[in-house]
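> Listed here are the chains, written in short residue letters.
4 protein chains.
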Amino acid sequence: MIPRYSRPDMTAIWEPATKFRIWYEIEAHACDAQAAIGVIPAENAAAVWKAKDATFDVARIDEIEAVTKHDVIAFLTHLAEIIGQDTARFVHQGMTSSDVLDTTFNIQLVRATDLLLAGMDRLLAALKTRALEHKDTVRIGRSHGIHAEPTTMGLTFARFYAEMDRGRARLVNARAEIATGAISGAVGTFANIDPSVEDHVCAQLGLTPEPISTQVIPRDRHAMFFATLGVIASSIENIAIEIRHMQRTEVLEAEEFFSAGQKGSSAMPHKRNPVLTENLTGLARLVRMSVIPAMENVALWHERDISHSSVERAIGPDTTITLDFALHRLAGVVEKLVIYPANMMANMNKFRGLVMSQRVLLALTQAGVNREDAYRLVQRNAMRVWEQGADFKTELLADKEVLAALTPAEIEEKFDLGYHLKHVDTIFARVFGAQ
Amino acid sequence: MIPRYSRPDMTAIWEPATKFRIWYEIEAHACDAQAAIGVIPAENAAAVWKAKDATFDVARIDEIEAVTKHDVIAFLTHLAEIIGQDTARFVHQGMTSSDVLDTTFNIQLVRATDLLLAGMDRLLAALKTRALEHKDTVRIGRSHGIHAEPTTMGLTFARFYAEMDRGRARLVNARAEIATGAISGAVGTFANIDPSVEDHVCAQLGLTPEPISTQVIPRDRHAMFFATLGVIASSIENIAIEIRHMQRTEVLEAEEFFSAGQKGSSAMPHKRNPVLTENLTGLARLVRMSVIPAMENVALWHERDISHSSVERAIGPDTTITLDFALHRLAGVVEKLVIYPANMMANMNKFRGLVMSQRVLLALTQAGVNREDAYRLVQRNAMRVWEQGADFKTELLADKEVLAALTPAEIEEKFDLGYHLKHVDTIFARVFGAQ
Amino acid sequence: MIPRYSRPDMTAIWEPATKFRIWYEIEAHACDAQAAIGVIPAENAAAVWKAKDATFDVARIDEIEAVTKHDVIAFLTHLAEIIGQDTARFVHQGMTSSDVLDTTFNIQLVRATDLLLAGMDRLLAALKTRALEHKDTVRIGRSHGIHAEPTTMGLTFARFYAEMDRGRARLVNARAEIATGAISGAVGTFANIDPSVEDHVCAQLGLTPEPISTQVIPRDRHAMFFATLGVIASSIENIAIEIRHMQRTEVLEAEEFFSAGQKGSSAMPHKRNPVLTENLTGLARLVRMSVIPAMENVALWHERDISHSSVERAIGPDTTITLDFALHRLAGVVEKLVIYPANMMANMNKFRGLVMSQRVLLALTQAGVNREDAYRLVQRNAMRVWEQGADFKTELLADKEVLAALTPAEIEEKFDLGYHLKHVDTIFARVFGAQ
Amino acid sequence: MIPRYSRPDMTAIWEPATKFRIWYEIEAHACDAQAAIGVIPAENAAAVWKAKDATFDVARIDEIEAVTKHDVIAFLTHLAEIIGQDTARFVHQGMTSSDVLDTTFNIQLVRATDLLLAGMDRLLAALKTRALEHKDTVRIGRSHGIHAEPTTMGLTFARFYAEMDRGRARLVNARAEIATGAISGAVGTFANIDPSVEDHVCAQLGLTPEPISTQVIPRDRHAMFFATLGVIASSIENIAIEIRHMQRTEVLEAEEFFSAGQKGSSAMPHKRNPVLTENLTGLARLVRMSVIPAMENVALWHERDISHSSVERAIGPDTTITLDFALHRLAGVVEKLVIYPANMMANMNKFRGLVMSQRVLLALTQAGVNREDAYRLVQRNAMRVWEQGADFKTELLADKEVLAALTPAEIEEKFDLGYHLKHVDTIFARVFGAQ
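Residue numbers (full-length UniProt numbering), protein chains in the order written: chain D, 1 to 435; chain L, 1 to 435; chain Y, 1 to 435; chain G, 1 to 435.
There may be inaccurate statements among the hints.
Put simply, identical chains are the same to the list, so a pair is met inside one copy or across any two.
What the hints assert, rightly or not - Computed list of lysine-lysine pairs in DSSO-like fashion (alpha-carbon distance at most 27 Å, straight line):
no.: 1; residue 1: 271; residue 2: 400
no.: 2; residue 1: 350; residue 2: 271
no.: 3; residue 1: 422; residue 2: 271
no.: 4; residue 1: 69; residue 2: 336
It should be emphasised that the hints constitute simulated quantities derived from the structure, not laboratory data. Model, not experiment: these values are computed from the prediction.
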């Protein structure tokens, strides 16, 4: 986790204080459930809630852990300092450390996901706004980096919207994957604790009881979770690469926002670097790199080994923090992206109408010219454009052989941008629904 | 794709003949749609279906492609040889090669997924059968590879069932991800083809129209698809590792099936290697290795570049073929796995009752012995077991200080396996529903 | 392995016939060594060489394997059919299958590496030729995709040369990593075979004896090997991305070679797609995807498990074949790359001298103008260029305040390209040595 | 970076204070070189060294950066506060930020590598000590987790030694890969700075000048570096998995050291978990996960983009810190590993001599018994061992048909462990040289 790529809301989820607070809530709810089935006295369960508004002393817990070498015991010892030894002895009965640790990890992931969903919502809103704004802003579509046919800037944003909207749905699924809890004991048999405790704790904390756990919650869930983040990061990279291309000097169809006073931007006005989207390209790699370790974590030995733990200590916070930051950074870039429609038009016209050559070719054949002749006609005019800088339409309108097949109006029509835009509304309706 | 790790049903999906058949169907359905809106004559559209029962000549198409350097044109040329040049000129109008190629790729992935689902169903059935069969077959649960508390073999199978059942649900989602088609033209604007053609073709072929495509169907869908296969492969590895552990000489709680006549198995009866599950461990890596490239494929330049294509030519077939093979191999292993309940019991008793030491410790404290004394009592008896090979229960029953706190019946009860199995039915009901 | 991305020289290495030939040579050399120490009769060892010019019948071996379920036994059975049963019984004595299989795999990798080195040499030669050819071809250097300062096309090629030359050195190291053989028996103790056999076989086949093997040659060697291929593939991607950028419509500083008659290139002269370098981008991903599985293969259980085998059956051929193809494809692209120096100059001048603004700023401060004033002077002229399309040098030469600090000659000098090229020879000498 | 998996020596390398110190040294050495060629006055260069013993105020630099939004400028501003504005204006002349940043990153990596080499040396020493100690400690070799033939514990350690020794050599290569510096300006042409400055700075700081850089040092070097760390991590995993297997309850041939007083270890003496090696398994995944991002970083756009930077901010520290910690953790585990030779012998004898069945089979055929009969003889005795718990040698010595072919002494000899150990010294000499 790198501070400069972190937002406080997300880092807070992964702080020790948050973790201990969740541990406490699990323990306290478990006591309630144990009281309900008569395992511990109701008054003791109630007394555990005395710590409800307490602030757990992280330094103190660390101090105890340095002696006990066991984090959960250290916490329980500190809890006893708050609620009293008599109450504390009823806490954690029949439970195993993993019951607390795994359930907590999932709660942290759920909360992280809720922040990620908020980040996606911000990004989706920005993409939609810009899509509607530039629905009809024509620019050249490119395949292989080469001019193909006209499209619009709005369609580009709409495409990213649709992609991120799929990402959002995947994230909702991923949240459900890891929104489970387990209070099932040393090997998951509930030998020492009644399943009703798990039910109660999960219900109170917004989780589903894990149908069958061992000592741990199965890690295929987490593999799916991190894989989903990896896909979303790849979509972020997709948008970032588009913007980086648009900003490169020779294209200059858009720029990341530069504040008016930003140093260097006016003495070297050509030197505005798309550093935010370049950064996002790197952040995407960081998010993605957790995917394979998360998958390697699935195959634990028998009822559990602890090989997954160090991996999760790293990728749990790092991946969610980085993706959260990336979503907001990208949302900001999209919200404020400076778009240059005039440059788009200039780029499209770089080869003076040549991008329409395919329509002309088709029109000639549809007008009855055989394929070879049609090709020859287009070619000789195209080459004048390519080699001598002529204007394609002008050349065609002056070519008698072409005029024998197509009227000037028909030729003009081939250069009509409206032809390319006629279904933009249809596509927008597909993406955004009826507006 | 390695022949020895392939099933014919799956490889058939990826054969050129299958691909050309799908191309044909897309083109023919597109003609119907074009006729419906009056772009081409109805009789010509109908005539395209003349090739319905034709076998496309792959060698001939390759021959043409060697000249034209373009696969779709080569196919269309061959199609013209079958349906006649007059009909053929109405085929593919307004379409771009990617319309055919991308839609076909998704159809192949959908069909591949249907086979994968069948494989998972076979595996799920096997896991359920073995789970029910061994619901009460006690074995020791292990954390960190070390004996912990008793569990049952049936719970292990039930756990794998639940995990694979989640995998199945993920695969259904993944199928929906890639069950889309696009007939939207060079940059996805429908400039040269009406959206109704896409609607019709997709409806006929069991796909959803891609809401917004460029020249290609967006690759975040495929990233999610391959990521899902990677998670399922990791679950296969999880099961494989369990079986490999069970079969190792010192554990020997199960063995992959050996046919009676299998050479070597009786002259060296100890030397039966879990080669199938070892192989599955490797196959899991092969499936997983497609995940990152599929994610790297998401960020295409502008309306498309073709960097994704070579990757998909490899991972499309290889990953689905390998996973399909792995699912069936694992199903076979599970179906026929030879299980040794007696060895399970022997393993559990390796340290003559020591696995119950925690229950005894707890019982002593609950009986009012303070924690330090309880620990000391358990320890001194445990050490006699550990160092001198004594039996734990016998030692406890002979320890006066223990007997001062616990009756012989209470001590006996701590060694009752039923204690650990009391919630097995509950867990089974969670996993399999009411039986 | 995809035929279209394969060269026959490399695929030949991985064909069954080649494998069986190597198996034979290992066995025959081993017999010589066994004869030398008196384990088998010399005449029998000599007789094994009767098959020296034999062609092994792959179909026949497959047929036998279908019965024996063991590839090495099937081969030995077939060998007996050729050299006679009496001779054959002296073959493979004291050896274990892995002795043959692992040594063979390494021989294949060594041969594959020799082809890869040849491919790198071709690529290096092409890069050097183009570097020398365009040593002084000026183009704008770009950071963040934005114009920075002038550089030359030759420096770009020289840079790629240096990178690939490092790659070559790494590949030589990687070759040494896997150029080992092992004939050490079931668990590597030489219990059943004398170490001198290993020495002899390795010496004859150009390998180093593995200092300590188990049943297998340790897989950290192969992990390093495939990791090295992954790095080289990433360098290929680096070059490919540069060319793709140069070919994009708005940049057009270079194009992949198009044969004169290539369809479409003249009727749509703007539509020449960098499909080869896009393809190389994808192939790089395919090579890279073997790296992690190769690393996961390192941790085998005890003296070996067979989890690595399926992985290697795939990545052994696939990765070397793909990289070999990619190296030659890239070499061809570089050899024939069409370079447009005029476009490079036009691109550099897109903003009429603005790329020199930093030199002017520096000159002003060095001339004693304070930083704020210098900045203001550059800025007001730069903005006229940026907003009104003026020429930067012309503006400066007309700015009295600028002229108060710098003479016209000094201003002119700031626009001298020679300033940027003065150390090109130095850099070339570093990369290529004295010419 | 996770504090609990970090050693202070390594984290110190990555602290801001260290970074600023290196920045300072680069700038000061560059001033010396600039003075030597007359670009700046010698007394000013000398004056820069006034800060030699200064402590840079990280908080103050952060404060300035919050305003300037540029880390190098912030540092230079703070430096001016120390050495005075008059001296400071001669610092950094003709340099670009990347000259400082990239050279610094490599210096940090070099230093990190030196610590890693020290860690490997500790591990190598431990492995060698344990190898020599247990050179003749017999245990069963296992393939596929199944008993195969005897080997020794010393051979296992020697094997790990050889693997780690290869890793060390790779790390030395990797160090050379990244031990380069660059002071070459905005696009690497040395337009604004003489190459002699780079030479001097590199010489002073133990680096080689990068033969050809752009704005950055080429990232194939770093890809190779991180790939090498990934291979070493995989070797760590290999050793960790071996130890985890040895410690599992049923095997119990070794245990990670438990301090006498360690809680839980005596009341539940069977419950000592190999948590350190499990942890190492996870740490290996964390190190490995940097490999692919580092490779993705190679393909930068033109003379540089900054997509690599965020990746390196994470993996630079995280990967070296984690690997460093892992090496020392593993060294500690090996140094103190508790080894149980008696259990090794008991495990080997689990099937009462059956592991020798192959030697007996071979002896029978060598004694002239035909293969089918030999097989039948071994089989019938083996099955009595397997099914009735008999002792294999005893059975053979009582089998008349066997005795017809082999004398009792010959049979006895087949069970001689010395047979398997006769080449242990040879192998040790290969690994450790003459002792």
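> Identify every previously stated hint that the structure contradicts and give their numbers, smallest first.
Failing hints: none at all.
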